[in-house]
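Undergrad: These are the residues of each chain, in order.
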Amino acid sequence: MEAALTYACNGGVSELDMMFNTASLDRTSENYSYQRWEHHRRNILSARAHSGSGFTGTMTLPRRLFEATARDLQRIYWASPNIIPEFTDSQQIFDAIQALYLSSNTPRDRQIADRITALHRDALAEDEHILPASLSQFTDFFLAQPGLGLPKITLTPDGTLRTRWIHGPRNFVAIEFTGEPLAKLVAEIPRGDSLTAPHFGSEPVESIVSVACAIGASFA
Amino acid sequence: MIELDLSHHIFRHVGGASIDGDFIDPAAFRRKKKGNGQIEEGLSVNWVEYFQKLTPQEAIPPLRDIFVNKGRTVGPKSRFALLNVGAAKDAAMKYATVAIVLDEKDDDPSHSLVKDYDEALNEQVAEQLAQVIIAAYPAKP
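Top line first, the protein sequences correspond to chains B and F. The first sequence: position 127 = 1019 (my numbering), numbered continuously. The second sequence: position 1 = 49 (my numbering), numbered continuously.
For the record, the hints were derived by calculation from the structure and aren't laboratory data.
Below, computed lysine-lysine pairings styled on PhoX-like, alpha-carbon distance capped at 25 Å:
#	chain 1	residue 1	chain 2	residue 2
1	F	188	B	1044
2	F	142	F	80
3	F	80	F	118
4	F	82	F	118
5	B	1044	F	80
6	F	153	F	101
7	B	1076	F	163
8	F	81	F	118
9	F	125	F	188
10	F	82	F	153
11	F	81	F	142
12	F	101	F	125
13	F	125	F	80
14	F	118	F	163
15	F	153	F	163
16	F	125	B	1044
17	F	188	F	153
18	F	153	F	118
19	B	1076	F	81
20	B	1076	F	82
21	F	163	F	82
22	F	142	B	1076
23	F	188	F	118
24	B	1076	F	80
Chain F extracted, bound-state conformation:
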């Protein structure tokens, strides 16, 4: 897996229920438990520069289409939180050294993962990542 450039950016899709006003709950940056009780390998994010747009906002429509085509529900209040790769790694460093790598899928070529940190640090890393959100754009216009 290729590590993303430190100057590049990632989007994390945040569900509407994780947002209260201008507050985004850091829990939205936690790796989830799967059906078998095991935690996800990494935190799913999307590589923004993949879309080759002038601004991050312009990457949202094609990214939303990818989500919809994958069967993901994109709620009316959900947002895409924008983070810089280098800032995210630096922030997480307080608790763990994380890798942010491209994990492209056929139906989601910009799919990436924040990974390589222990499950016990899930909460801590999530808090740190939420602190370096640059902006949060509505997932739906």
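Excised from the complex, chain B in its bound form:
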């Protein structure tokens, strides 16, 4: 599997197709649904065609994009007694990274994808993992919010992703993707005369940016 991915990342064929085909074979051998995977593959190819990102599937993708996932998959197949949950985690990471790489907001979203890859690796090194629901919510949020700047991205000890746009001492806004309908919003907003307004709350993900902006937060 890893060898196939490495070959795919080196170019010369359609890397994405190669990767998917190889993964499909492995998945079939583990009794995963080939139909579901094929459906997912078609969706990605369709998104690729409509994304305008210039991603053709024959470009040479950064090797590191797939290294962590490939290692994880290999580890899962040969070492883990708990194959399905770990595979689901890796699949979620893989899907999120691809969605971000295929987005039209390429530079920022590729940086986010790189960061998620690194976070996934760091989490595994400490027996932690990214909560799939949090990752999904996080990815959807950034794909829907192309105007936001690149934040600091971390993982809480609870496995939820947290983002923070820092503008200076006691001047930031942070969102924690709980995976639930309400995301956590934390902010400190300067109000002049050395005063800072702290804000701790929870808001629906769909409206969290507008709520934060209304209290003076900036996502630049």
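Knowing the structure of chain B, use the given hints to seat chain F on it.
TA: Just chain F now, kept in the frame of chain B:
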């Protein structure tokens, strides 16, 4: 439990995933929920002066050994964040009066707790504690 001297210091172990560049996520200072759904009694920290070293950095190798012997994973990017006890209590005071007490264990004699604040203030106290980090040293050389 004995309260730590205000002039003394504590280390909080921060996992690598809670760090992005030079930024340490205050969430690393939140008390975690245990398996039974209840929140930890206090925030686990370690009393630096226990190790009787000239500098905080010199206390890290024996502290790391304690963590490893307890079965804790010390990742390659994790750090030990250094805080002054008095500064930590003052910072938390914005929201709650906290106690920082020695909670020594057989396998972790410097183990201490930041405690006595309500679960509802977990986020707020964590934000305040993160603001008074003096330094953060790599957990592994």
